[in-house]
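Protein chains in written order, with our numbering: chain A, 1 to 133; chain B, 1 to 495; chain U, 1 to 436.
Mixed in with the good hints, there may be bad ones.
To be verified - From the structure, some residues in chain U lie toward chain B, with a derived Cβ separation under 10 Å:
{"id": "1", "residue": "I356"}
{"id": "2", "residue": "E365"}
{"id": "3", "residue": "E367"}
{"id": "4", "residue": "R436"}
Calculated directly from the structure, the hints in this document are not laboratory data.
Think of the CB as a built atom: it goes at the ideal place given N, C-alpha and C, for glycine as much as any other residue.
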Amino acid sequence: MATILETAASAGCFNTLLAAVDAAGLRGALESAGPFTVFAPVDDAFAALPPGTVQTLVDNPPQLARILKFHVLAGAHQRAELVGQNAWASLEGAPVAIRRSEPFEVKNATVVNADIACDNGVVHVIDRVILPG
Amino acid sequence: MTLLLLLLIPLAAGVLLPLLPLPAATVRSGALVAALAQLGLGLWLWRHPSDDLSLNWLPQIGLRLDLGLDGLSLPLVLLAALLTAMAILTSPQDQNRPRLFYGLMLATNLGLVGSFLARNALLFVLAYELILIPTTLLVAIWGGPRRAGAAVRFLLYGAISGIALLTAVLAFGWLQNGGLDFSFRALAEHTLPSGQQRWILALVLLAFGLKLPVVPLHGWQPLTYSEAPTPVAMVLAGAVSKLGAYGLLRFGIEFLPDAWTAWASWIAAVGAISAIYGALNAIAQLDMRKLVAYSSLGHMGFLLLALAAATPLSLQGVIAQMLAHGLIIALLFCLVGLIETKTGTRAIPELSGLLNAQRGLPFTMGLMLLALMAAAGVPGQAGFVAELLVFEGSWVAYPWPTLVCLLSSGFTAVYAVRLFNRVGFGRLDNAKADWASTSWSERAPALVLTAFVVLGGIWPTLLTGLSEGDTAPLALRSSEAVTVIATSTPQELNA
Amino acid sequence: MTLPATAPAAATTTPLIPPSTHRYAEVIHRLEAGGSMLPDTPENLKQIIGIYKAYAVPMDFYWRDLLYIAEKVFLNPLPAFKYFISQEYLDRPNSYAGDQSKLRIWRGGEKAHPELLEFMARGETGKMPKLLHHLWHDRVNMEFAEACMQAMLWHQGMGGRFNDYLDSDAYKANADRAIRAYFRGNPLMLGLYKLFPEMFLEQVRQLSYYANLGLFWEVMAPVFFEMSDIYDEGGFNGVPDAMDFLVNGIFAVAGRPIYHHVFIGGECYEIIPKSEGFTWLYEAALPYVEAVFYRTSPFRGTKSYNAQAGQVPSDQADFHYGILYADVYPVGSAGIPPTLLMQDMLHFLPPYLKEIYKQHKRGEEDELIQLGITFQRSMYNVTSAVIQALRCALLYPLDDTDPEHLMANRRFFEAQMDRFLRPEARLSDIQSQDYR
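Just chain A, with the same shape it has in the complex (with noise of 0.2 Å):
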């Protein structure tokens, strides 16, 4: 298997994440053994963000890492463990609600691919860009 972000790097759809990831200069940390949970936003979550976020985000790398950091949980957690607790804490502190029934949700965002197994950890495919708060 591949690492999360070789794997985010093969599916073609998450160009802005792992741009964002490199800015934030989290690359090192999210290839290390973690495991890691990582709900990976699609392109197209980031391009429906108003115009501006994105880039202001990636000119300052240390409040990009707390945002991205927001996606990350510790552990690896499939979707059945997961919809086991109403919130996780993710790595930047805040926690990360989870819809414990039908459909399969992260705070405000669908998951459309779950389970996703890498070397060191799982992928979950969101559909948003979730924000602490």
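Assemble the complex: chain A is given as a structure, and chains B and U must be docked to it using the hints.
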């Protein structure tokens, strides 16, 4: 002759202005000019005293046109003229039925000035009665929602007052031997036994007690003062009520001194009761007009107390209080009327925050503060001067009624502060605050009156200077602490 | 690229969720349709754009002077001249205006606005030395900005990480370094610092809030200037358009770092470094809205803070003295923050707004009250933008087809409207055009 002119001005204006085909604005200005001319003439007469006038009119019944001004009547003539002028200024530019209105106002003025000028008792009664009908009509036609009842009550009480006075005067004249001589000189020199004096004094007290008024003869006053239109209330409370005190001064103290001295302690008691009654009722009022009316009632009690004491100082206080109260009460009615015109209400619970500089009535409320302070007797304004003279002059004679009146004066501060606190301070309701700010022409009468009130406070001679010389001889008892210094007097008292 | 706040007209299809039964149901439905709490009328639009421009000019001074105080004046024990902003800070380029800006919001220049400079020179009186203007109080009322800062400092529990960071060891260490550097060679102050370290630390915390607010308003000023320019060329079709511009602006700048750098002796001391990751949205904007729009504090002297008197709420979150609840009449005399701002805005009203004021109520005599109410309307619009932005960030699009998502949106809007149920709220007043 100039004295006759004082009467001819309102007479001519009162007849010509309504009858000539003039636009309403000209009628208003003409009436104002007449009142101001009368005031000017009065000031001129102060500087150039004129001899008494004495003309035959109806000698068969003893009615002579005896006119004269002395230290007691000149200040009151000036007050009447000033208040008439200010009342006309207060009346709205678009006054309903202006011809009749200003004609009646000038007729009232004629009666007032005639009463003060008269030196013949029958002439006095004639002028006194003359006031009744115009004022009743003024209340009945232009008054508030309950004007009909107010006018009827006012007329009834006024009629009884007139009848009582006429009876007293006629009895006076009839009981004297030596023909029907009603002149003041003759009455002052009368030699009636004290029993008859007391009967006449009883009638005199009834007549003028109804006019002042004093408790328990005050039934007409709160209703009439609150239903009358603002200009009429100013003249009624400011000048016409002073006629009652003037009458008591002349007919009671000057002409019936023995009877007066005998009953003085009762009169003082009635004055004290009236003062407390007025003040306590004022505290309870929720209607601004009624509050001012009861305040007036309270202040009339002070007048009665000072009249009862009849020391030189207290009689100076009588004149001072007549002038001061006349100005202050007219000012208060003027301001309350202005507030009512602008905000549409005079109920205290509905008003608040009028001091707001942007959307309230700050100028009016500023003047209202001065007026209320003056009414409460705060030093620096005319009310204090008058009350000081009244209380100091009456204390030596009747300490307990004076104490009660002092208490009443303290209560004045209570309702003054409460009124200002409720209406001036607090939060202005934005939803209701859609009136325009006052214009200078609306502020003018209140401003003039305030100026006089403040002037009287810092220059007390304004209130007492004209009358000092003439009140001292009238005193029925001495007050050791006072030396009366006669300043410039207009003329000797014709005794 | 979809604008998140607008939604297609749903008039022809049956609604997916039943109507709201909240007291402010009408407003909630308007919000769900992509609108603002303020009704969409041409006059409302004219009023709020005009007042945004009038607000932005003094705001240009506020943010510059706030940063001047936070970065330069710092711990000066006798800051008598803290409002005498240096030319450097007047010329400090606004990061969101001017040609050099990386994310240009306003088409205009990056230095202080020309109207502001003119006012600073002339004031209401005339050309005078700056000291005389200052003593006569014929200047921009900077005290208002400081009062806003104090509101943010005093209120707790408003979200974000900023407040908690101020108590952390890293912050204390940074502050200690800066304090020692600032008072180098001053044994008296250093001795005082040794005796009362907490006092100096608290002063530094306050100065960090100065910086926070300054960085917040650095963004808002060009946003408002641009809105005024767009309106002048007819670019807004209604109040929702203006609100959408604000929403986009909020998102665009959401990631801006919030920091506190102090310049002592030519060197930069980072008391709150950018690497801490504080964002404009979470650490500045949202606490600002909560502290200044909703909570603030009552007018001085009008309420007793005595706990037994029970006149102020015992819970800070219940404070309701912000502009959204404000009674616009000045209570008492000068020195009360909202009136200070109203006085400032009076100097920069655009002519079309003056025209409106001349025709209503007392015309030119009570412009202050009228513009105060206009300002209140405009702040309801800004709050609507914040609410819509939060909904967009944390909840679902308005044109979502899932009824459960729509109900989540509904619950969010209703919770926001619940804050306006108390009698002091002006939400129902602003629905009518007669409220002037």
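Which hint numbers doesn't this structure obey?
1
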